[in-house]
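Student: Here are the chains, one letter per residue:
There are 2 protein chains.
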Amino acid sequence: MDFKTVIRTIPDYPKPGILFRDITTLLGNPDAFRAAVDAMVQLYRGQKIDAVAGLEARGFILGGAVAHQLGVGFIPVRKKGKLPFTTIGEDYALEYGTDRVEIHTDAITPGDNVLLVDDLIATGGTAMAGINLLERAGANVIGCSFVIDLPDLGGADKLRARGMAVSSLVAFEGH
Amino acid sequence: MDFKTVIRTIPDYPKPGILFRDITTLLGNPDAFRAAVDAMVQLYRGQKIDAVAGLEARGFILGGAVAHQLGVGFIPVRKKGKLPFTTIGEDYALEYGTDRVEIHTDAITPGDNVLLVDDLIATGGTAMAGINLLERAGANVIGCSFVIDLPDLGGADKLRARGMAVSSLVAFEGH
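So the protein sequences, as listed, match chains A and B. Each residue of the first sequence is one higher than the one before, counting from 1 in this note's numbering. Each residue of the second sequence is one higher than the one before, counting from 1001 in this note's numbering.
Take these hints with a grain of salt, some might be off.
[What the hints assert, rightly or not] Taking lysine to aspartate or glutamate and the EDC-like style, the derived pairs with C-alpha atoms no more than 20 angstroms apart in a straight line are:
(1) A:Lys82 <-> B:Asp1031
(2) A:Lys82 <-> A:Asp99
(3) B:Lys1004 <-> A:Asp106
(4) B:Lys1080 <-> A:Asp22
(5) B:Lys1004 <-> B:Asp1031
(6) B:Lys1079 <-> B:Asp1106
(7) A:Lys80 <-> B:Asp1012
(8) A:Lys82 <-> B:Glu1095
(9) B:Lys1080 <-> B:Asp1099
(10) A:Lys79 <-> B:Asp1022
(11) A:Lys48 <-> B:Asp1031
(12) A:Lys4 <-> A:Asp38
(13) B:Lys1048 <-> A:Asp31
(14) A:Lys79 <-> B:Asp1099
(15) A:Lys82 <-> B:Asp1012
(16) A:Lys80 <-> B:Asp1022
(17) A:Lys79 <-> A:Asp99
(18) A:Lys4 <-> B:Asp1106
(19) B:Lys1082 <-> A:Asp12
(20) A:Lys82 <-> B:Asp1022
The set of hints was computed from the structure by calculation and includes no laboratory data.
Bound conformation, chain A alone:
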């Protein structure tokens, strides 16, 4: 499937000059949603995966389906202050200020092979924070799987330079 045809582009969102790639049109299309999840799973067939971690919030939709399809557990990597039990967190830089992702202190069984899932990789700040956090908790992050890559923003290259396997289903040039 050509996933580009089912991803909507919204100009000037969230601010002028940005082309926002909207995957709700992909998610709402039964064939495209199934094909995207199945393609994400297929890329990691034959590798031992113990858990899927998803980045809040769109990574939950895809990551939940991927985890279920792989028959493994799901670990939510949440924004600051959303988890009820004791947490560890990792700060990361935004254009202005910082943000933070968190997991429960017992979310990871040390040594587990974890696949990180999100809808899109742009500059890679959130994904990098998620990887650092999962590794600090003892995970072996075996790869990062995205639907969309915006290669001109350099996030995927940054993750690869850190030794991470990165896959995406579609790439949009520009940003």
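Based on these hints, arrange chain B on the given structure of chain A.
Tutor: Chain B in isolation, oriented as in the chain A frame:
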């Protein structure tokens, strides 16, 4: 599976006197996560379902997996200001103040049978707002599926009084 054994209870969260039911322990358990998703799907086998809607954010994890398993599309019902395209929204009352859920104006094909999924039903405020919103967009909401019901808080009864089919995998008395 006895889902109660894989749901963690956190006392005094988010405030004194509340027993918070934490499903991250269920999600992280491969057998329990698979069994929960499969049980949610099984309850609606034989009914025509065109799409699954999930309430942000935990409803995305379960709803994404249920939609994929059913082979239908997924509709994110998001908190205020999160969706990039034009939206319709529905306000609902909180203990103090109000909140709002939103969907894209083109999220629903009018007449589609939609199953609403979330992790937990308590007072039912968010679920009711989600149902109202989906119906205003033309959906035929054929049921609401939760992992956890807190029956003493009356949400499931409120939805049933509105004619809605409500299912849950486990109930905790008290709140």
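Student: Against this structure, judge whether each hint is valid.
Tutor: These are the hints, each one checked on the structure:
For the given pair, Lys82 (chain A) sits about 25 angstroms from Asp1031 (chain B) by alpha-carbon distance, which is inconsistent with the 20 angstroms threshold. With a C-alpha separation of about 13 angstroms, the suggested pairing of Lys82 (chain A) with Asp99 (chain A) holds against the 20 angstroms cut-off. For the proposed pair Lys1004 (chain B) and Asp106 (chain A), the alpha carbon gap of about 19 angstroms is at most 20 angstroms, so the pair holds. At roughly 17 angstroms between alpha-carbon atoms, Lys1080 (chain B) and Asp22 (chain A) fall within 20 angstroms of each other, so this suggested pair holds.
Annotation: proposed proximity of Lys1004 (chain B) to Asp1031 (chain B) holds, straight-line Cα distance about 14 angstroms (limit 20 angstroms). Restraint check for Lys1079 (chain B) and Asp1106 (chain B): satisfied, since their Cα atoms lie roughly 17 angstroms apart, inside the 20 angstroms limit. The hinted pair formed by Lys80 (chain A) and Asp1012 (chain B) meets the criterion: a straight-line CA distance of about 19 angstroms does not exceed 20 angstroms. Distance check on the hinted pair: Lys82 (chain A) and Glu1095 (chain B) sit about 18 angstroms apart at the alpha-carbon level, within 20 angstroms; holds.
Among the hinted pairs, Lys1080 (chain B) with Asp1099 (chain B) is consistent with the structure: their alpha-carbon atoms are about 8 angstroms apart, no more than 20 angstroms. Between Lys79 (chain A) and Asp1022 (chain B) the alpha-carbon distance is near 16 angstroms, which keeps this suggested pair within the 20 angstroms criterion. Our distance criterion of 20 angstroms between C-alpha atoms is met by Lys48 (chain A) and Asp1031 (chain B), whose separation comes to about 17 angstroms. Between Lys4 (chain A) and Asp38 (chain A) the alpha-carbon distance is near 16 angstroms, which keeps this suggested pair within the 20 angstroms criterion.
Distance check on the hinted pair: Lys1048 (chain B) and Asp31 (chain A) sit about 17 angstroms apart at the alpha-carbon level, within 20 angstroms; holds. With a C-alpha separation of about 19 angstroms, the suggested pair Lys79 (chain A) and Asp1099 (chain B) falls inside the 20 angstroms cut-off, and the hint holds. Distance check on the hinted pair: Lys82 (chain A) and Asp1012 (chain B) sit about 15 angstroms apart at the alpha-carbon level, within 20 angstroms; holds. At most 20 angstroms may separate the alpha-carbon atoms for a hinted pair to count; Lys80 (chain A) and Asp1022 (chain B) meet this at roughly 16 angstroms.
Restraint check for Lys79 (chain A) and Asp99 (chain A): satisfied, since their Cα atoms lie roughly 8 angstroms apart, inside the 20 angstroms limit. Restraint check for Lys4 (chain A) and Asp1106 (chain B): satisfied, since their Cα atoms lie roughly 19 angstroms apart, inside the 20 angstroms limit. Proximity of Lys1082 (chain B) to Asp12 (chain A) is assessed by CA-CA distance (about 15 angstroms); at most 20 angstroms being required, the pair is judged to hold. Taking the CA atoms of Lys82 (chain A) and Asp1022 (chain B), the gap is near 11 angstroms; set against the 20 angstroms cutoff, the hint holds.
Violation of the numbered hints given earlier is confined to hint 1; every other hint is satisfied by the structure.
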